[in-house]
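Visitor: Sequences listed follow chains C, Y and P, in order.
Under my numbering, the letters of the first sequence match residues 1 to 139, in that order.
Under my numbering, the letters of the second sequence match residues 1 to 139, in that order.
Under my numbering, the letters of the third sequence match residues 1 to 139, in that order.
Just so you know, not all the hints are guaranteed correct.
Just so you know, same-sequence chains aren't split out, so a pair can sit in one copy or run between any two.
[To be verified] Simulated pairs of lysine-lysine, BS3-like, Cα-Cα distance not exceeding 30 Å: (1) Lys31 to Lys13; (2) Lys107 to Lys64; (3) Lys69 to Lys31; (4) Lys64 to Lys31; (5) Lys107 to Lys69; (6) Lys69 to Lys13.
By construction, these hints were calculated from the structure, which means they are not laboratory data.
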Amino acid sequence: MSVYTDTISFRTKGNTDVIDITPRLDELLQKSGMREGFVVIHAVGSTGAVTTCEYEPGLVRDFKDIFDKLIPPGHYSHNETWGDANGHSHLRASLVGPSITVTFNNKRLLLGTWQQVVFIDFDTRSRQREVAVQFVGEQ
Amino acid sequence: MSVYTDTISFRTKGNTDVIDITPRLDELLQKSGMREGFVVIHAVGSTGAVTTCEYEPGLVRDFKDIFDKLIPPGHYSHNETWGDANGHSHLRASLVGPSITVTFNNKRLLLGTWQQVVFIDFDTRSRQREVAVQFVGEQ
Amino acid sequence: MSVYTDTISFRTKGNTDVIDITPRLDELLQKSGMREGFVVIHAVGSTGAVTTCEYEPGLVRDFKDIFDKLIPPGHYSHNETWGDANGHSHLRASLVGPSITVTFNNKRLLLGTWQQVVFIDFDTRSRQREVAVQFVGEQ
Numbered sequence: 001m002s003v004y005t006d007t008i009s010f011r012t013k014g015n016t017d018v019i020d021i022t023p024r025l026d027e028l029l030q031k032s033g034m035r036e037g038f039v040v041i042h043a044v045g046s047t048g049a050v051t052t053c054e055y056e057p058g059l060v061r062d063f064k065d066i067f068d069k070l071i072p073p074g075h076y077s078h079n080e081t082w083g084d085a086n087g088h089s090h091l092r093a094s095l096v097g098p099s100i101t102v103t104f105n106n107k108r109l110l111l112g113t114w115q116q117v118v119f120i121d122f123d124t125r126s127r128q129r130e131v132a133v134q135f136v137g138e139q
Numbered sequence: 001m002s003v004y005t006d007t008i009s010f011r012t013k014g015n016t017d018v019i020d021i022t023p024r025l026d027e028l029l030q031k032s033g034m035r036e037g038f039v040v041i042h043a044v045g046s047t048g049a050v051t052t053c054e055y056e057p058g059l060v061r062d063f064k065d066i067f068d069k070l071i072p073p074g075h076y077s078h079n080e081t082w083g084d085a086n087g088h089s090h091l092r093a094s095l096v097g098p099s100i101t102v103t104f105n106n107k108r109l110l111l112g113t114w115q116q117v118v119f120i121d122f123d124t125r126s127r128q129r130e131v132a133v134q135f136v137g138e139q
Numbered sequence: 001m002s003v004y005t006d007t008i009s010f011r012t013k014g015n016t017d018v019i020d021i022t023p024r025l026d027e028l029l030q031k032s033g034m035r036e037g038f039v040v041i042h043a044v045g046s047t048g049a050v051t052t053c054e055y056e057p058g059l060v061r062d063f064k065d066i067f068d069k070l071i072p073p074g075h076y077s078h079n080e081t082w083g084d085a086n087g088h089s090h091l092r093a094s095l096v097g098p099s100i101t102v103t104f105n106n107k108r109l110l111l112g113t114w115q116q117v118v119f120i121d122f123d124t125r126s127r128q129r130e131v132a133v134q135f136v137g138e139q
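Required output: the full structure, derived from the provided sequences and hints.
Guide: Structure below.
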């Protein structure tokens, strides 16, 4: 077994910006040359999260709406600590979670047809983001 | 180290149907012959999720109730995209998350006594489901 | 590649007690002697969860508040099953999730500057807790 570590970087708009990173993962999987194994995907930073969803514009809007309802922007103790306004961003990111692990076989990620790997930026502003990616498996 | 990939398949009823897959994982762990390592478990499809819980009928009812409260069925933009009615199913699945990873040692999953690995089907109908399972470890 | 399994143990206060376990993970990473790989971290037991956050007192208070709002203590079917009062603890733990996976490279966890790995004890009382930790990688 071998290991291949890389980083996916991109610019986000913030405010529950949902980014489909599946094509980048597919590219890196082919680059790794591995046939069978798994990939660990985790957000670097505490206001972003990684999960899967059907990536289509309607659902992306629904994400914004449901998080605005469940954990709305507003007063949080965190905001007093630093004088910033992203307490809700932190809570949302911790709830969704920073990492997922997806297996692959025959050089193909074992995802559903309508299932993409997404990074969600919950922060309140545009940011340059990094997602750590590690493929572990066999040729 | 070696890798063993398999799939667990089953039929669900949908609507926050909670399925205990721990016995199937235990069987596959014995079949793999591995002593120490970990297993990646991830839902194939974007309206199912994997997590752990104490699997007992009361808590299974509580899951249905809390998700009906937090992310109720109803109007979502996703529903307009496809003309279906499972926007809430997608949001619930992305929030819980598609994957977990559990370690094992001495051929035993390192879970608590009252902790089972469950697949939750949030879709609105009965479906045939697949969970991708990969054991990585040493004999 | 090799594997190193260990356990992190500590006492919690319960009631959404957030424990920063990053320093313990760093110690074990150095002890493992590995350079490149990943660490699986998962909660043993069904009322604790693992995620990442910026570990600072304001945000810790916000965690308690948001979970008291989203999944308040009170009546749950689970409580009738066992005659206990921690139905909300179970639901919160399953929602956040039991496990995360974090990669490392050059003997350093690939976390953000303000991102710590935390265990959250959602149970209603002080408990002795175990988090299973497994490092997999190369020297």
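Visitor: If the cut is 30 Å between Cα atoms, do Lys107 and Lys64 qualify within a copy, between copies, both or neither?
Guide: neither (33 Å within a copy, 37 Å between copies)
Visitor: Using 30 Å as the alpha-carbon threshold, which applies to Lys69 and Lys31: within, between, both, or neither?
Guide: Neither: 41 Å inside a copy, 44 Å across copies.
Visitor: When no copy is specified for Lys107 and Lys69, does a C-alpha distance of 30 Å or less occur within a copy, between copies, both, or neither?
Guide: Result: close neither inside a copy nor across copies, 40 Å intra and 40 Å inter.
Visitor: Classify it for me, Lys69 with Lys13: is the Cα-Cα distance of at most 30 Å met within a copy, between copies, both or neither?
Guide: both (20 Å within a copy, 28 Å between copies)
Visitor: For Lys64 and Lys31, with the copy left unspecified, which applies at a CA distance of at most 30 Å: within, between, both, or neither?
Guide: neither (34 Å within a copy, 43 Å between copies)
Visitor: First find the shortest C-alpha distance between Lys31 and Lys13 inside one copy, then the shortest across copies, and answer within, between, both or neither for a cut-off of 30 Å.
Guide: Within one copy only: 29 Å inside a chain, 40 Å across chains, cut-off 30 Å.
Going down the numbered hints, you'll see the structure goes against 2, 3, 4, 5, while the others check out.
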